[in-house]
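Student: Kindly produce the complete structure, drawing on both the sequences and the hints.
The listed protein sequences derive, respectively, from chains L and X. Residue numbers for the first sequence follow our numbering, so the first one is 2 and each next one is one higher. Residue numbers for the second sequence follow our numbering, so the first one is 347 and each next one is one higher.
No wet-lab data here; the hints were simulated from the structure. Where is the CB? At the ideal position from N, CA and C, for every residue including glycine. Do not take every clue at face value.
[What the hints assert, rightly or not] Cβ-Cβ distance ranges computed for the label pairs, FRET-style: (1) L:T49 / X:M382: 57 to 63 Å; (2) L:L66 / X:A398: 29 to 35 Å; (3) L:Q55 / X:R522: 39 to 45 Å; (4) L:G78 / X:L373: 49 to 55 Å; (5) L:L66 / X:L537: 34 to 40 Å; (6) L:G78 / X:D553: 31 to 37 Å; (7) X:P552 / L:Q55: 54 to 60 Å; (8) X:L565 / L:A96: 19 to 25 Å; (9) X:V429 / L:T16: 44 to 50 Å; (10) X:G428 / L:G78: 47 to 53 Å; (11) X:A487 / L:E127: 40 to 46 Å; (12) L:G62 / X:L476: 38 to 44 Å; (13) X:S460 / L:A96: 46 to 52 Å.
[Stated by the list, open to error] One side only, chain L facing chain X, incomplete, derived with CB under 7 Å: (14) M4; (15) G15; (16) H26; (17) W138.
[What the hints assert, rightly or not] Far from chain X by the CB rule (all over 12 Å, computed), these chain L residues: (18) M50; (19) S54; (20) S58; (21) G92; (22) G111.
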Amino acid sequence: MVMMLAIVAATLLGTATETTIAANHRDAIQTLYAAEAGIELTMSRLRTMPDWSQFASQTPGTLFLGGPLADLLQSDGIDGRVQVAVSVFPGPDGAPDVLVLQSTASAPGGSRREVQVTIRRAAPAEDGAQNIETVFWRER
Amino acid sequence: MKSSAGFSMVELLVASAITMAIVAGILAVIGPAQSMARAQGDATDLHQRLRAAADTIAADVRAALAVRPYRIGAMRDDAAIGVYYRPDTLTVLGVPSSPLSLDADASRTYYLKSVPASDSFQLMQYDGGLSDLPLLDHVVALSFDYFGRAGAADPLTRLDPATLVDGPWAEDAAQRMFDTDLLRVREVRILLRLESTDPLLRRLVPDEEVVLHVALRNLSGIR
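Tutor: Given below as structure tokens:
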């Protein structure tokens, strides 16, 4: 009986451990995608701004957007506990059409991912829409 | 006069038979339960190895400036022997040597190395220099497929491996020749299949397979 109880306890412990690991892994992936969503949202808003010079002098960076990702995207299908903050920095060479976006996402379990993207304003599309191209993308 | 003390032979035999039946029943339950307990630990380990390996490769592919379906580096360079495609080999170029740094010359090659003793493979990671290290044991299968678009508005389709070795050819920043069809790669499909580390448990812990489609993010970098 004692042996059976020990085996059952070990099995339950193993299951709980596996569930925790799987949940942490899911959170890590979820926060990475959330950080990328923050970058995409920022880029879509920057596309509508004809002048980026307001960011060129902000050496410490400008908090561009922040809060629960579900609110930022106005979507019910996203975990409301995932927080995103995106800051905009001037480009490394001071060019007015180059910016560095840094997006940080965090989940309640402690998972935190950061994506840094350097973008450059490209030639407008054929329909006249503002265009942005990604120069450099990194995560950590 | 007949004594009433002690047990008769028949009673002892019956008692022994009952005891043996109970013990056999207990052993019959405990044996599989122990196997299941061991198998569960092994399955957890299998899942964790799969997650760790898939995350490692996927992170490099996401950050890569370019990919090559063959080994690149100072040791056993595939291009030096005219090999430009291996289905189980992937080199990522321009991977960061540290977080948020760009090192255009850095590369990492992932490939399988046969281990005859265990009749399986090791997942190896080669840094393009002198470090060629095993990442993972008991790998059953690893394969890479490459996806791209024929035109800007076309959907992603799998690039036929034959098109990745038939030219036209170009030189990258390090003067290495590569098939220009690799410039069309926008996504890499990674298939990784692992087996249990314990051959005795493979009946209870079947092989696990993960398939990832990873988009390259640094498309504007050096190719």
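Student: All the hints need checking, so say for each whether the structure fits it.
Tutor: Right, here's what the structure says about each hint:
For T49 of chain L and M382 of chain X, the Cβ-Cβ distance of about 59 Å falls inside the hinted range of 57 to 63 Å, so the restraint holds. Between L66 of chain L and A398 of chain X, the C-beta spacing of about 33 Å keeps the proposed range 29 to 35 Å intact. Under the hint 39 to 45 Å, the C-beta atoms of Q55 of chain L and R522 of chain X, about 43 Å apart, fit the expected range. Distance hint check for G78 of chain L and L373 of chain X: the Cβ-Cβ separation is about 52 Å, which falls inside the suggested range of 49 to 55 Å.
Checked against the hint of 34 to 40 Å, the C-beta distance between L66 of chain L and L537 of chain X comes to roughly 37 Å, which is consistent with it. At roughly 33 Å, the beta-carbon separation of G78 of chain L and D553 of chain X lies within the given 31 to 37 Å, and the hint holds. Hint check: P552 of chain X to Q55 of chain L, Cβ distance near 58 Å, so the stated range 54 to 60 Å holds. For the pair L565 of chain X and A96 of chain L, the supplied restraint of 19 to 25 Å holds, since their beta-carbon distance comes to about 20 Å.
A beta carbon spacing of about 46 Å between V429 of chain X and T16 of chain L agrees with the range 44 to 50 Å that was offered as a hint. One distance hint, 47 to 53 Å for the beta-carbon pair G428 of chain X and G78 of chain L, holds here, with the actual separation near 50 Å. Between A487 of chain X and E127 of chain L the C-beta distance comes to about 45 Å, which sits within the given range of 40 to 46 Å. Between G62 of chain L and L476 of chain X, the C-beta spacing of about 39 Å keeps the proposed range 38 to 44 Å intact.
The hint said 46 to 52 Å for the Cβ distance between S460 of chain X and A96 of chain L, and at roughly 51 Å that hint holds. The beta carbon of M4 of chain L is positioned within 7 Å of a beta carbon in chain X (closest approach about 6 Å), and the interface hint is therefore held. At a threshold of 7 Å, the smallest CB-CB gap from G15 of chain L to chain X is about 5 Å, leaving the interface hint in force. Restraint check, H26 of chain L versus chain X: the minimum CB separation of about 5 Å is within 7 Å; hint holds.
Interface restraint check: W138 of chain L against chain X, minimum CB-CB distance 4 Å, threshold 7 Å, status holds. Interface exclusion of M50 of chain L from chain X stands, the closest Cβ pair being 21 Å apart, more than 12 Å. The claim that S54 of chain L lies off the interface holds: its Cβ sits roughly 23 Å from the closest Cβ of chain X, which is beyond the 12 Å cut-off. Under the 12 Å C-beta cut-off, the non-interface status given to S58 of chain L relative to chain X holds; the minimum distance is some 23 Å.
Distance check for G92 of chain L against chain X: the nearest CB is about 14 Å away, which clears 12 Å, and the non-interface claim stands. Here G111 of chain L stays apart from chain X, with its beta-carbon at least about 17 Å from theirs, past the 12 Å limit.
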